[in-house]
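S.K.: Chain by chain, the residues:
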Amino acid sequence: MKIYKLVLIEIWHRKSQLITALLAITLGIGVIVGIRSVAVVSEKAVAVNLDNLGANILVLPQGTSIDNYYSADIDAPTFPEDYVEKIRTSTLQGVDNISPKLTRRIKINNQSVVLTGILPSNEIISKPVWQTSGLSGQALKATCDTSAANKSHGYEDVRLQRKPIETLQQNECIVGSNIATTLKLRQGENVNILGSDFKVFNVLGETGTIDDDRIFAHLHAVQKLTGIENQVSVIEIMGCCNAISDGLLGKLRNILPDTKITTINQIVSTQIKTNQLMNKISIIFLIIILFVGGISIGNSIWANVNERKKELGTYRMIGFTKGRIYEMLLLKASILGIIGGILGYIIGTLSGVILGPQLAGLNIEPIPIFLLWSVLISLLISLLGSLIPAYLAGKIEPYKIMQEA
Amino acid sequence: MLIETKGLSKFYKHKDGIVEAIKDINLGFNQGDFVTITGPSGSGKTTLLLLLAGLLRPTAGSIKFQKHELHSASDNVLAGIRSKHIGFVMQNFSLIPYLSVLNNVLIPLSLNQNGERTKSDYAIHLLETVGLKDRMNHLPKELSAGQQQRVAIARALVNKPNLILADEPTGNLDPALSIEILEVLKRINIENQITIAMVTHSPTASKYGNIRIHIDKGSIVN
Ligand SMILES: Nc1ncnc2c1ncn2[C@@H]1O[C@H](COP(=O)(O)OP(=O)(O)OP(=O)(O)O)[C@@H](O)[C@H]1O
Ligand SMILES: [Mg+2]
Numbered sequence: 001m002k003i004y005k006l007v008l009i010e011i012w013h014r015k016s017q018l019i020t021a022l023l024a025i026t027l028g029i030g031v032i033v034g035i036r037s038v039a040v041v042s043e044k045a046v047a048v049n050l051d052n053l054g055a056n057i058l059v060l061p062q063g064t065s066i067d068n069y070y071s072a073d074i075d076a077p078t079f080p081e082d083y084v085e086k087i088r089t090s091t092l093q094g095v096d097n098i099s100p101k102l103t104r105r106i107k108i109n110n111q112s113v114v115l116t117g118i119l120p121s122n123e124i125i126s127k128p129v130w131q132t133s134g135l136s137g138q139a140l141k142a143t144c145d146t147s148a149a150n151k152s153h154g155y156e157d158v159r160l161q162r163k164p165i166e167t168l169q170q171n172e173c174i175v176g177s178n179i180a181t182t183l184k185l186r187q188g189e190n191v192n193i194l195g196s197d198f199k200v201f202n203v204l205g206e207t208g209t210i211d212d213d214r215i216f217a218h219l220h221a222v223q224k225l226t227g228i229e230n231q232v233s234v235i236e237i238m239g240c241c242n243a244i245s246d247g248l249l250g251k252l253r254n255i256l257p258d259t260k261i262t263t264i265n266q267i268v269s270t271q272i273k274t275n276q277l278m279n280k281i282s283i284i285f286l287i288i289i290l291f292v293g294g295i296s297i298g299n300s301i302w303a304n305v306n307e308r309k310k311e312l313g314t315y316r317m318i319g320f321t322k323g324r325i326y327e328m329l330l331l332k333a334s335i336l337g338i339i340g341g342i343l344g345y346i347i348g349t350l351s352g353v354i355l356g357p358q359l360a361g362l363n364i365e366p367i368p369i370f371l372l373w374s375v376l377i378s379l380l381i382s383l384l385g386s387l388i389p390a391y392l393a394g395k396i397e398p399y400k401i402m403q404e405a
Numbered sequence: 001m002l003i004e005t006k007g008l009s010k011f012y013k014h015k016d017g018i019v020e021a022i023k024d025i026n027l028g029f030n031q032g033d034f035v036t037i038t039g040p041s042g043s044g045k046t047t048l049l050l051l052l053a054g055l056l057r058p059t060a061g062s063i064k065f066q067k068h069e070l071h072s073a074s075d076n077v078l079a080g081i082r083s084k085h086i087g088f089v090m091q092n093f094s095l096i097p098y099l100s101v102l103n104n105v106l107i108p109l110s111l112n113q114n115g116e117r118t119k120s121d122y123a124i125h126l127l128e129t130v131g132l133k134d135r136m137n138h139l140p141k142e143l144s145a146g147q148q149q150r151v152a153i154a155r156a157l158v159n160k161p162n163l164i165l166a167d168e169p170t171g172n173l174d175p176a177l178s179i180e181i182l183e184v185l186k187r188i189n190i191e192n193q194i195t196i197a198m199v200t201h202s203p204t205a206s207k208y209g210n211i212r213i214h215i216d217k218g219s220i221v222n
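One line per chain: the protein sequences are A and B, in this order.
Using this note's numbering, the first residue of the first sequence is number 1, and each one after it goes up by one.
Using this note's numbering, the first residue of the second sequence is number 1, and each one after it goes up by one.
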């Protein structure tokens, strides 16, 4: 008869009490796991999107909606391509790269495609793409230092080490991975875009972003094909943070008064704020379950001790020390804590997986390491909550119980 | 001498005053004695047993069990002595309700280092001697009162004790069952030379003792 066996049998014998003992801690852990699972995915989504961007400043036409910064320029109104020259000749400090784009949604063989015109040598292809597609070119040079402040604005070395696409002829195109698959395109083959033949210069690797459904072609070719000559829908600018804080945006606005100029940060910050709020909520919840869960498990252990007074007296009578009584009760609390942690993890993960897509539009995946955290936190709370009841149980004098008989 | 008391007294402090439950008791039992303790209700019989078990601390006097000074030993030493050398049979059987008969018998051995197999073989053997081997997987509530008390006796024997303390072991049993239990105790006493100290109200039961103690108002009267 090992102590743990004794404890397990006792728990099983009073299994209906498990529900009241574990309700608070299970729900508490469940809510935290749910919130954290959503937060992790949402943070990752922001990070992936940020990582895929080649720029940190966007020049968009007046009135463009920027709900989704990554596709803000698709079918947006346009403005003259001359603006690129205006920026270039303005001798503004801290502008490292300017890449104008014109993006339109078109159909190829009834397949919806995003056609984006780019200027080769100005275009920085996003990191995952150039890494997997072997597009060659000279690395960009940074004009600003890579201080923490610069980095926090998305101005990182990695981004600056990206290589621009050097050459892209008027009759060449670069194809996103989804498009390549659905249209069965390979490097060197021809594809007909809006009546003109283009040679596939390169097929991009999968990025998990809208780039997978894009075809990139020369800006001027796209302008001709779509009949939007000398116009662009966005200018992406790589600017350094020092310059941004020194009022680069304001200076750009002076040069280009009829545009909307914004930083990626401004757009992303809303999403980051939501994530921060979620983190705050989970911390508040953590504190609440620390109290409620701990007290409720402690309370149920105390009720259990009172119910078992006679029995605990018997254990003492036949030679159990106070220490063994503590051991029995704390072992029980630990088992309850572990069960609560596991159940909480399952409930939180399930609700994240089921409700995540509906409520947040995010695909939540189970995060196994949270199981460890759930169990550890639940175990700790349950032990803390049971310390006082166990201590009081040790104080019960066995002779008093035996005389009552 | 297995157990010996000198000037043993126990006074309970109560808000209405002090209760002198045991007053200046001197006694000694040898290994193999069968001691019966009788006396009116409230005379201090249970208190005396609890003192002998090290479950109560005397107000004055000394208790020596083998070489141990119980009156001054620490709680843990006392618990160790109980678990190694003393068995208990109580009026209310004091079995653990959710443990099977076999597991109830096994609890005192949970500190014992022997293999689980050896322990349970011995527990089953003891259940056989009290005639309950076929009930070892039952819960206490599934047994009759006399059967429950026999489980308690098997549990009291499992640690191969020197002393069994019994507080009115037949108090909840009818006369026929009482005789049955008393016979079991007598057999243990004779066959294993285990000292038995048994509190009882019944004159029949008290005849089983080779040493008969009568207590009144906390003192031995003979
Ligand atoms: N915890 C206590 N606090 C105060 N007084 C107590 C306590 N326990 C017992 N007493 C008193 O001590 C005296 C002896 O009690 P004890 O239980 O030893 O009697 P007993 O001989 O076993 O009686 P019974 O035959 O009814 O079981 C009684 O007067 C009782 O009221
Ligand atoms: Mg009594």
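Simulated from the structure, these hints should not be mistaken for lab results.
Do not take every clue at face value.
Not everything, but these chain A residues come out facing chain B in the computed CB check (under 7 Å) [as the list claims (entries may be wrong)]:
1) E10
2) I11
3) H13
4) S16
5) G250
6) E311
7) M317
8) I318
9) Y399
10) I401
A virtual CB, placed ideally from N, CA and C, is assigned to each residue, including glycine.
S.K.: Run every hint past the structure and note whether it holds.
M.R.: Going down the list of hints, with the structure as the test:
no.: 1; hint: E10; verdict: 6 Å, holds
no.: 2; hint: I11; verdict: 10 Å, violated
no.: 3; hint: H13; verdict: 4 Å, holds
no.: 4; hint: S16; verdict: 13 Å, violated
no.: 5; hint: G250; verdict: 77 Å, violated
no.: 6; hint: E311; verdict: 6 Å, holds
no.: 7; hint: M317; verdict: 6 Å, holds
no.: 8; hint: I318; verdict: 5 Å, holds
no.: 9; hint: Y399; verdict: 5 Å, holds
no.: 10; hint: I401; verdict: 9 Å, violated
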